[in-house]
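> These are the residues of each chain, in order.
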Amino acid sequence: MKKAIICIYVALALGAGAAHAGPEDDTLRIAWDGELPTLDRYFNVLREGILVSRLIWDALLYKDPATLEFKPLLAESYRFVDSTTMEFELRQGITFHNGEPFDADDVVYTLEFVSNPENRVLTQRNVSWIKSVEKLDDYRVRLEMKQPTPTALEFLSGPLLIYPNEYYAEVGPKGMGTHPVGTGPYRVVEFKPGESIRFEINKQYFDGSPKGKPSISTIEQRTIPDRNTQITELFSGTVDWIWKVPADQASRIVGRPGISVVNEQTLRIAYLSFDSSNRTGNASPVNNPLVRKAIGHAIDRSAIVSKLVGGVSEVVHSACHPQQFGCEQDVAQYEYDPEKAKQLLAEAGYPDGFEIDFHAYRNRPYAEAIMGYLQAVGIRTSLVYLKYAALRDKVYAGEIDFNFMTWGSYSFNDVSAITSHFFKGTQDDYARDSQLIADLELGDGSVDSEERKNAYSRALKSIADNAYWVPLFTYNVNYAFNDKLDFTATADEIPRFYSAGWK
Amino acid sequence: MTVFFFKRLGLAFLVALFVSVLSFFMLRAAGDPAIAMAGEGATAADIEFIREQFGFNRPLLMQYLSWLGNALTGDFGESSYFAKPVSQLISERLPITLGLGVSALIFSILLAVPLGMLAAVNPNSLIDRIALSVSVLGQAMPNFWFALMLIVIFSVWYPVLPASGNAEWRHFVMPTIVLGYYATPAIMRLTRSGMLEVLNADYIRTAHAKGIPASRVLIKHAMRNAILPVVSIASVQFGYMLGGSIIIESIFALHGIGQLAWESISRADLPTVQAIVLILSLIYVGLNFVADLVNAWLDPRIRIA
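Keeping their order, the protein sequence lines are chains V and C. For the first sequence, the numbering used here assigns the number 503 to the last residue and increments by one with no breaks. For the second sequence, the numbering used here assigns the number 305 to the last residue and increments by one with no breaks.
Wrong hints could be hidden among the right ones.
Said to hold, decoys possible - Under 7 Å between C-beta atoms, here's a sample of chain C residues computed to sit facing chain V:
{"no.": "1", "residue": "I35"}
{"no.": "2", "residue": "A44"}
{"no.": "3", "residue": "D46"}
{"no.": "4", "residue": "A83"}
{"no.": "5", "residue": "I151"}
{"no.": "6", "residue": "S155"}
{"no.": "7", "residue": "P159"}
{"no.": "8", "residue": "S164"}
{"no.": "9", "residue": "A253"}
{"no.": "10", "residue": "H255"}
Unchecked claim - With a straight-line Cα cutoff of 30 Å, these simulated DSS-like cross-link-like pairs (lysine-lysine) come out:
{"no.": "11", "chain 1": "V", "residue 1": "K71", "chain 2": "V", "residue 2": "K211"}
{"no.": "12", "chain 1": "V", "residue 1": "K135", "chain 2": "V", "residue 2": "K211"}
{"no.": "13", "chain 1": "C", "residue 1": "K84", "chain 2": "V", "residue 2": "K192"}
{"no.": "14", "chain 1": "V", "residue 1": "K453", "chain 2": "V", "residue 2": "K131"}
{"no.": "15", "chain 1": "C", "residue 1": "K84", "chain 2": "V", "residue 2": "K174"}
{"no.": "16", "chain 1": "C", "residue 1": "K84", "chain 2": "V", "residue 2": "K244"}
{"no.": "17", "chain 1": "V", "residue 1": "K307", "chain 2": "V", "residue 2": "K387"}
{"no.": "18", "chain 1": "V", "residue 1": "K174", "chain 2": "V", "residue 2": "K135"}
{"no.": "19", "chain 1": "V", "residue 1": "K461", "chain 2": "V", "residue 2": "K342"}
{"no.": "20", "chain 1": "V", "residue 1": "K203", "chain 2": "V", "residue 2": "K174"}
{"no.": "21", "chain 1": "V", "residue 1": "K424", "chain 2": "V", "residue 2": "K394"}
{"no.": "22", "chain 1": "C", "residue 1": "K84", "chain 2": "V", "residue 2": "K387"}
Simulated from the structure, these hints should not be mistaken for lab results. Think of the CB as a built atom: it goes at the ideal place given N, C-alpha and C, for glycine as much as any other residue.
Only chain V is shown next, with the shape it has when bound in the complex:
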């Protein structure tokens, strides 16, 4: 029996291959929990899909994550002809991974394809503003918009990646999803949907790209659903990089030899949203602005941030992320003051508080902390905890009086991605305020940044004055990685492995 056990040990020891990560074999091993069904960025909606797509493809423009400046990428230069027309000079001499040369035909084909509603790309907002794209000559392109689109540069530097026209016409989204071809700093050599992706460096990546030259020769991605397993893989050196490590686990990893932990902002904020216009027909107490303000005063948001959320998160007062363009900070604030909250409740006719359903879909501990604070001023909530899709279903149907929500603005650095999304009279809008809608329309439709700022400022002040939302805090994300890896986290939550290297 003893012999048998020893035999097993020896077998295991011999079998344990040197699958070690790191600079030795110049392979960056990364893991996350998301399962990518396809690599065609226009047909997946996962955040991991964004970072993968930026490895494989380039867009016409590039947004510098540090300075937030727009720089030409596949374009050599660009200009606005008028408020709805742009012209691009394209770079010459670039080839796709399959050898196909890059020129105006690729730009025209890609943008025409994705903006055609019949092709059903998943996020229509990214493309629905494009009216037409026209080839002027082999390296010049003109783009017409349906209406002035101040966020055009955001789209053109973000989701609108350029595909090779001949290859895409041949293989379509399915072929592109499994065997992607782009101009980007890495090419995909193997993809198992939902399981793993293997990238190899594109040695021909063009000089002068604002993305810089890639340096690590191979990147291997694996999907590991369990967070603890990811961490143990990191500890054992078989994975070099993970992210979205919860605050409590991150604090335990900090200080472990060989591992760096970095905490960085994201554009996601948390907020409480109310039915201010009695859209549900429930005549809920939160229809009353005094009650909403009372809720604002009842919650100690700083305590939630410092005790639960942690990291670089901060309390927000405006219905947007402070980093976003147009996010007015000079708005009414509801500081933590439970006495004032009780007083406001009494004024509103609820001296003994009331009972209400409280909906949430993520971060249950945060939701429970909020419920505790509300309980202290007499508001008795019962938590309805749902999957995001299910809760959103109810929100759209106009059934929700009070909920705890979050919004990531799909990494858009502009308040139109959040404030306009929720207060412009669409199915998401529970305020239904016509003056607010008019201000947001103005801000969204203008290309004059001063005019936009002023319009959004009015809108955000009004949202705060009426307490349509009680904004809570910004989110952060923890990255944990091999300390030999030279990796810089950015506030847009899009890891850039093409700028990573080994120390």
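Start from chain V and add chain C according to the hints.
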């Protein structure tokens, strides 16, 4: 026997059909799949597109009938998430789960049957006590915790086994132990009690009296009879293992059918969930059917009942 066979077969078929109806309608009641598929940031138009594209706007009964019709020909439709045929997805992932289930079952039988026999031969001895504590521990220990402990020991402290993945056999060692150990107590206790009962039977005394060697009595005479209930519980345990492997697959990042089911539920990939529910229930029903037949074949009294 033939009548019994067809009776059981018809029953198995009805159970499978019932499961498919139930899972289909319950899934549709759980939420709007189009909204789930569109993801955060989708507009109403995006969702409407998806609804039309996947036929979610048709009457439920029509959706079910067309699904059933296709399923009978092996066509489970296309996964709304992976945008490829569900049958292909399942044929990629099922072998991992089946492989894990079979190896876990073998592991647990190899562990449980000898332990149970030793315990029965030496009742109330030290060996019996050890066997009892092994089984109590297996029953009491949450398997996700056991899995993490194994990972910490064998992947972090003494890195001899990979913590996750499904590329080669070494990836299956820890999952097999965790999943197999979970089934051990039931099999072991049944072996022990079966053996104890048989060992006290008259024919065993007779065999001993005839001078047959003790080991031969134990294996040839006693075990054969004691093992009967073990065969049927093992088949049931195998069914549990296929269902229970969801957690294990998730922890060890084995991309099997359990994990696929779990992920598909949260992203409302209805065609995939329905197919998995149907296939797992068919396997389960099939196992029970086989166990019934085996029992009936071994014990004629069952055939009449």
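> All hints are to be evaluated individually against the structure, with a verdict given for each.
Evaluated hints:
1. I35: Holds, about 5 Å.
2. A44: 6 Å, holds
3. D46: The hint holds - D46(C) has a Cβ within 7 Å of chain V, the shortest such distance being about 5 Å.
4. A83: OK, holds: A83(C) within 7 Å of chain V, min 6 Å.
5. I151: 5 Å, holds
6. S155: 5 Å, holds
7. P159: Since the shortest Cβ distance to chain V is 5 Å, the answer is holds.
8. S164: Interface hint status for S164(C): holds (5 Å vs cutoff 7 Å).
9. A253: With Cβ-Cβ at 4 Å, under 7 Å, it holds.
10. H255: This interface hint holds because 5 Å falls under the 7 Å limit.
11. K71(V) to K211(V): Since the Cα atoms of K71(V) and K211(V) sit roughly 10 Å apart, the hinted pair holds (cutoff 30 Å).
12. K135(V) to K211(V): 26 Å, holds
13. K84(C) to K192(V): 13 Å, holds
14. K453(V) to K131(V): 26 Å, holds
15. K84(C) to K174(V): 9 Å, holds
16. K84(C) to K244(V): 29 Å, holds
17. K307(V) to K387(V): Given pair K307(V), K387(V) holds - Cα atoms ~25 Å apart, limit 30 Å.
18. K174(V) to K135(V): 26 Å, holds
19. K461(V) to K342(V): 24 Å, holds
20. K203(V) to K174(V): Distance ~26 Å between K203(V) and K174(V) Cα, so the pair holds.
21. K424(V) to K394(V): 18 Å, holds
22. K84(C) to K387(V): Holds. K84(C) to K387(V) sits at ~25 Å (cutoff 30 Å).
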